[in-house]
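Novice: Sequence:
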Amino acid sequence: ACVSGQLNDHQDRKSNNAYKVRVMQDGPHQSEYYGYERSCPDAEDIFPCVCTYYSASNTLDLECSSVESEEQLKQIFKADFPFKNFREFKVQGNNNLKVLEAGIFNGISFERIDIGNNNLEIIELQALDSCYEVTTAIFLKSNRITSFPFDELSHFSQLNHFDIGRNSLSVIPTDAFNGLTALDYLDISNNYAKIVGAFQDLPNLQTIDLSYNNVTAVPVNFIKTGSSDLTYIYMWGNNISSVEPGAFDMVDSLYITMEDNSLSTLGEATWRPYLEVGGKIFAAGNPLICDCDIAWLFGEDQLLEGVSETTACNDGVHLHDLDPSIFDPC
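Sequential numbering from 1 applies to the sequence shown in the working numbering.
It is possible that some hints are incorrect.
Derived DSSO-like pairs: lysine-lysine, alpha-carbon spacing no greater than 27 Å straight-line [to be verified]:
#1 K84 / K194
#2 K194 / K224
#3 K98 / K141
#4 K98 / K74
#5 K141 / K224
#6 K90 / K74
#7 K98 / K194
#8 K98 / K78
#9 K84 / K141
#10 K224 / K280
#11 K90 / K141
#12 K194 / K141
#13 K98 / K84
#14 K74 / K84
#15 K78 / K90
Calculated directly from the structure, the hints in this document are not laboratory data.
My request is simple: use the sequences and hints to build the entire structure.
Specialist: Right under this line is the structure:
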């Protein structure tokens, strides 16, 4: 069905451009009703931001990539917005905006927030408060963010995609994500941050990227999301030296990337359970000691097939190139 946005009295008075929409109901019957074409604010009131209306989807986007200051952005959101619900807010390649201030959107909501490749440093508490119930995706990649209100994430009931990779966070509290039942993609990579706690109660998570942070040991239950759809765990470049048994969700065909860390072995108690159910381990760039501790990979069950072909011993020999007979004495 095609459904227009709900209008308040003010919006109804301002908008005279009604159009007829035919709605196809289930079954052989059809019905018709009148909807309203969404309208942008006056262009001069929001300059240098640009509002775009898409007639096919009856949605509005707002791009503010050329905004010159926090104060200018604040004044823009004080303009008269005929409609309060937008599809996307975007700021890309902006060097002027350093702080996203509390209440900046002034009641305007966005389904997607895309603020990437800027010099943004701080997102204040309640900066995104008008978006709690509608936002499905937050993209904050490649800024200089040192402060983010993680405690507010629990209010984003529809959030399915969160990306704050390539920033400058020093600490990331994992419990801020726990309970985000719609979340399916989480990227907090390239912050070189200390990750505190464990990832739990994320029943729809499919991908989690923790690469290039400050994780040196992976404890039991570190990633226990409860998601049967979890497919990819990325932990490149964390200087990880140990992974405890039971560290991750036990799901079929889980891809776990541990490349460029400090693992000296692939312990059977940790990794066998994942390989036995079709999982894949990527462990290139680790100083692996290829002694009897990895002999279990060369048994009749051929679990070595689940280890990437690029995974090598500390002398550079790939595991797949080893002669299995060298483990006969083990």
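Novice: Confirm or reject each hint.
Specialist: Evaluated hints:
1. For the suggested pair K84 and K194, the alpha carbons sit about 38 Å apart, so the restraint of at most 27 Å is broken.
2. For the suggested pair K194 and K224, the alpha carbons sit about 19 Å apart, so the restraint of at most 27 Å is met.
3. In summary, the hint linking K98 to K141 is supported, as the alpha carbons are separated by about 14 Å, within the 27 Å threshold.
4. A C-alpha spacing of about 13 Å is found between K98 and K74, which places the hinted pair at or below 27 Å, so the restraint holds.
5. The hinted pair formed by K141 and K224 meets the criterion: a straight-line CA distance of about 25 Å does not exceed 27 Å.
6. Only pairs whose Cα atoms come within 27 Å are accepted, and K90 paired with K74 is accepted, the gap being roughly 15 Å.
7. A distance of roughly 23 Å separates the Cα atoms of K98 and K194; the hinted pair therefore holds under the 27 Å criterion.
8. Annotation: proposed proximity of K98 to K78 holds, straight-line Cα distance about 20 Å (limit 27 Å).
9. A threshold of 27 Å between alpha carbons decides the hint, and for K84 with K141 the separation of about 26 Å falls inside it, so the pair holds.
10. At roughly 18 Å between alpha-carbon atoms, K224 and K280 fall within 27 Å of each other, so this suggested pair holds.
11. As the CA atoms of K90 and K141 are separated by approximately 12 Å, the hinted pair is consistent with the 27 Å bound.
12. Our distance criterion of 27 Å between C-alpha atoms is met by K194 and K141, whose separation comes to about 18 Å.
13. Between K98 and K84 the CA atoms are separated by roughly 25 Å; this keeps the pair inside 27 Å, and the hint holds.
14. Restraint check: the Cα-Cα separation between K74 and K84 comes to about 16 Å, which is no more than 27 Å; the hinted pair holds.
15. The hinted pair formed by K78 and K90 meets the criterion: a straight-line CA distance of about 18 Å does not exceed 27 Å.
Of the numbered hints listed earlier, the single one contradicted by the structure is hint 1.
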